[in-house]
Amino acid sequence: MAFFVKISAPCSLAGHGTTSSSSGSSRSKRGLLLPVGAGAGAGAYGGRQYSDVVPVPALSQAQASSSGGRLRIFSGTANPRLAQEVACYLGMELGRVKIKRFADGELYVQLQESVRGCDVFLVQPTCPPANENLMELLIMIDACRRASAKTITAVVPYFGYARADRKMRGGRESIAAKLVANLITEAGAHRVLACDLHSGQSIGYFDIPVDHVYGQPVILDYLASKTICPDEVVVVSPDVGGVARARTFAKKLSDAPLAIVDKRRQGHNQSEVVHLIGDVRGKVAVMVDDMIDTAGTVSQGAELLHREGARAVYACSTHAVLSPPAVDRLSSGLFQEVIVTNTVPVLHHRTFPQLTVLSVANLLGETIWRVHDDCSVSSIFQ
Amino acid sequence: CVMGSEQVRVVVEEEGKTKKRMGVAEPRSAPPAVWTPRAPAQEARLAALRTDGRDSRLKIFSGTANRPLAQEIASYLGVDLGKVLIKRFADGEIYVQLQESVRGCDVFLVQPTCSPVNENLMELFVMIDACRRASARSITVVIPYFGYARADRKAQGREAITAKLSANLLTEAGSDRVIVCDIHSTQALGYFDIPVDHIHGQPVILDYLASKTISKDLVVVSPDVGGVVRARAFAKKLSDAPLAIVDKRRQGHNMSEVMHLIGDVKGKVAIMVDDMIDTAGTITSAAALLKQEGAEAVYACSTHAVFSPPAIERLSGGIFEEVIVTNSILLPEHKCFPQLTVLSMANLVAETIWHVHRDGSVSSIFQ
Numbered sequence: 138m139a140f141f142v143k144i145s146a147p148c149s150l151a152g153h154g155t156t157s158s159s160s161g162s163s164r165s166k167r168g169l170l171l172p173v174g175a176g177a178g179a180g181a182y183g184g185r186q187y188s189d190v191v192p193v194p195a196l197s198q199a200q201a202s203s204s205g206g207r208l209r210i211f212s213g214t215a216n217p218r219l220a221q222e223v224a225c226y227l228g229m230e231l232g233r234v235k236i237k238r239f240a241d242g243e244l245y246v247q248l249q250e251s252v253r254g255c256d257v258f259l260v261q262p263t264c265p266p267a268n269e270n271l272m273e274l275l276i277m278i279d280a281c282r283r284a285s286a287k288t289i290t291a292v293v294p295y296f297g298y299a300r301a302d303r304k305m306r307g308g309r310e311s312i313a314a315k316l317v318a319n320l321i322t323e324a325g326a327h328r329v330l331a332c333d334l335h336s337g338q339s340i341g342y343f344d345i346p347v348d349h350v351y352g353q354p355v356i357l358d359y360l361a362s363k364t365i366c367p368d369e370v371v372v373v374s375p376d377v378g379g380v381a382r383a384r385t386f387a388k389k390l391s392d393a394p395l396a397i398v399d400k401r402r403q404g405h406n407q408s409e410v411v412h413l414i415g416d417v418r419g420k421v422a423v424m425v426d427d428m429i430d431t432a433g434t435v436s437q438g439a440e441l442l443h444r445e446g447a448r449a450v451y452a453c454s455t456h457a458v459l460s461p462p463a464v465d466r467l468s469s470g471l472f473q474e475v476i477v478t479n480t481v482p483v484l485h486h487r488t489f490p491q492l493t494v495l496s497v498a499n500l501l502g503e504t505i506w507r508v509h510d511d512c513s514v515s516s517i518f519q
Numbered sequence: 052c053v054m055g056s057e058q059v060r061v062v063v064e065e066e067g068k069t070k071k072r073m074g075v076a077e078p079r080s081a082p083p084a085v086w087t088p089r090a091p092a093q094e095a096r097l098a099a100l101r102t103d104g105r106d107s108r109l110k111i112f113s114g115t116a117n118r119p120l121a122q123e124i125a126s127y128l129g130v131d132l133g134k135v136l137i138k139r140f141a142d143g144e145i146y147v148q149l150q151e152s153v154r155g156c157d158v159f160l161v162q163p164t165c166s167p168v169n170e171n172l173m174e175l176f177v178m179i180d181a182c183r184r185a186s187a188r189s190i191t192v193v194i195p196y197f198g199y200a201r202a203d204r205k206a207q208g209r210e211a212i213t214a215k216l217s218a219n220l221l222t223e224a225g226s227d228r229v230i231v232c233d234i235h236s237t238q239a240l241g242y243f244d245i246p247v248d249h250i251h252g253q254p255v256i257l258d259y260l261a262s263k264t265i266s267k268d269l270v271v272v273s274p275d276v277g278g279v280v281r282a283r284a285f286a287k288k289l290s291d292a293p294l295a296i297v298d299k300r301r302q303g304h305n306m307s308e309v310m311h312l313i314g315d316v317k318g319k320v321a322i323m324v325d326d327m328i329d330t331a332g333t334i335t336s337a338a339a340l341l342k343q344e345g346a347e348a349v350y351a352c353s354t355h356a357v358f359s360p361p362a363i364e365r366l367s368g369g370i371f372e373e374v375i376v377t378n379s380i381l382l383p384e385h386k387c388f389p390q391l392t393v394l395s396m397a398n399l400v401a402e403t404i405w406h407v408h409r410d411g412s413v414s415s416i417f418q
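Residue numbers (the working numbering), protein chains in the order written: chain A, 138 to 519; chain B, 52 to 418.
These are calculated hints, taken from the structure and not from any lab test.
Predicted model only: the values in this text are computed from it and were never measured.
Be a bit skeptical, because a hint or two may be false.
Claimed, not checked - Short derived list, chain A residues pointing at chain B, Cβ under 8 Å:
| no. | residue |
| --- | --- |
| 1 | G242 |
| 2 | Y298 |
| 3 | D348 |
For glycine and all other residues, C-beta sits at the position ideal for the given N, C-alpha and C.
Please take these sequences and the hints and turn them into a complete structure.
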């Protein structure tokens, strides 16, 4: 947890969009050292003094280079604000890229600065409109590949189609999460940085390295900054599939007790609550999930918790997909607070008084730096 | 304004007797035909369908981009469209489930990747993946209109080549073969690492023009220098008509500018030929030039009716005698106008599917 001590408590005005955490120390820009090949030098300038091979002005110019080395970050159109925050954390500018749409809906991407030999990070959640944002990411990857980027890392804060991770009815269906993994690899990505994939198994769909980061520490830091007595807290998983996630969360929240809403799903995007496993009477319930989509699951869970005597209900989720009718359900008074992150941009018309949006920019920025520097990513979460 | 075009071509083909494999059950006989076959080739094919067990393994599915075309294709082949559930979740993600078995089948997926291009493309990928996981023997994607076909080269530095990317993605999703119609540049066929059958809407349009009585002298016009080869092939088949070219310089994407005419159209009927009409800037500016140069009337012929805004306003402005397109892209009602004629290429595509399925020659359709 040492890393997150640096993040000051987010002071969010409820319902006013993204909370910006204070920036950690800025990364110093390192100069670019010109390689000196003695053998090649001797061959090219046979007989000349070694000291004449590299003129001093060129070296000075390289050291003064404004590019800050070989790290480049570009943003798609899905969440440019998050990408800007990430770049600020790393003390650099976002790369310039032109993305536009032709009259017939086809996308066009052109990088407007050189990426030759660079480590390129493309920040693009594949949130709704999922297929547009996915295709844009694929075209950006292809553009970087053809522009001779050395490595291309797709930074996908929210991974669309992540829930399509198995054949549900055993019938003639696609496994779209695997398909998307294949498409990203085929387009030319060398690595993927994903945040809170719906199931950990999806990482295995990729044939390229995947760094899986979690929004949980950001939310935990925020909760720790609030004055909720640890004895009063119960962590609740809104479904049986998310118990492992909720359990991890509860352990880090002063080893709080756990409760589970046992629900049976009747159909896609339909929910039904059966009963509560555990006890929440007189306590503050903190519901934990990886995403809030139509908010059916989390709303019915909250209703049940209130019936079972919970004093207040908080909803915590990394991904705020908020498909209709999510906002109506979440703002109906069931929740004391709804805490999400900005992996998916929360549009203004989807904000409501109880909503708190935290930023994962510092987390992503730190991860990008470690990936670029070939340092450990796992140690962020220890 | 839709006119079906009879595009049946009888291929003289001596089919050897099909030997039934040991232990293969006799397939249930096909239900009696509910419609009248329109050509001898269809009668022969229907007879083959009833007796040849292998042909019961032909399955045609349609995405949501152009169901009427897929239905016409299936009707021509005397089969029902395969049942498939395609829906969208609340967050826009696409879900596909095949509702009949495709195990061991030759599956043909009919889906033009027209606008909304990324939705239709992703839907096609998910369909391909579903067929692959459902143990289809072969998966052929039938793409009457190939979106991103014009993104076939780097016009400037640091760009993608999205046509190549689309080809890679189709292969990665699991398709075994592709049937495309009038792809923008034939070089794009080389982007695929799987077999591609490239068919043309030209015969459909030529048949239609032949059925009209245009008494004036004809001249075939290419609206840009890139399409001269296409126009020349068209002119040869239109009683070896003369050719003219509009030399234009493009100022920016989807912007056009006309320079001047190469050739003579004075007192003649001009037939402009292109593979697609998108915003109609090119073809409208060219038509204006042809009128200035004394053309009696101007027809526009194109396989793909992309018709992005403001195409309809330009095309219906009175400069064209007729705008002749095919149904490779489904045209909604609000994109029809009085001068528009939509021809059907269902028979042509169906004939190609039949040849592919039976491992016959596709090129012979166009000779």
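Now for the hints, and whether the structure bears them out:
no., hint, in the structure
1, G242, "4 Å, holds"
2, Y298, "6 Å, holds"
3, D348, "23 Å, violated"
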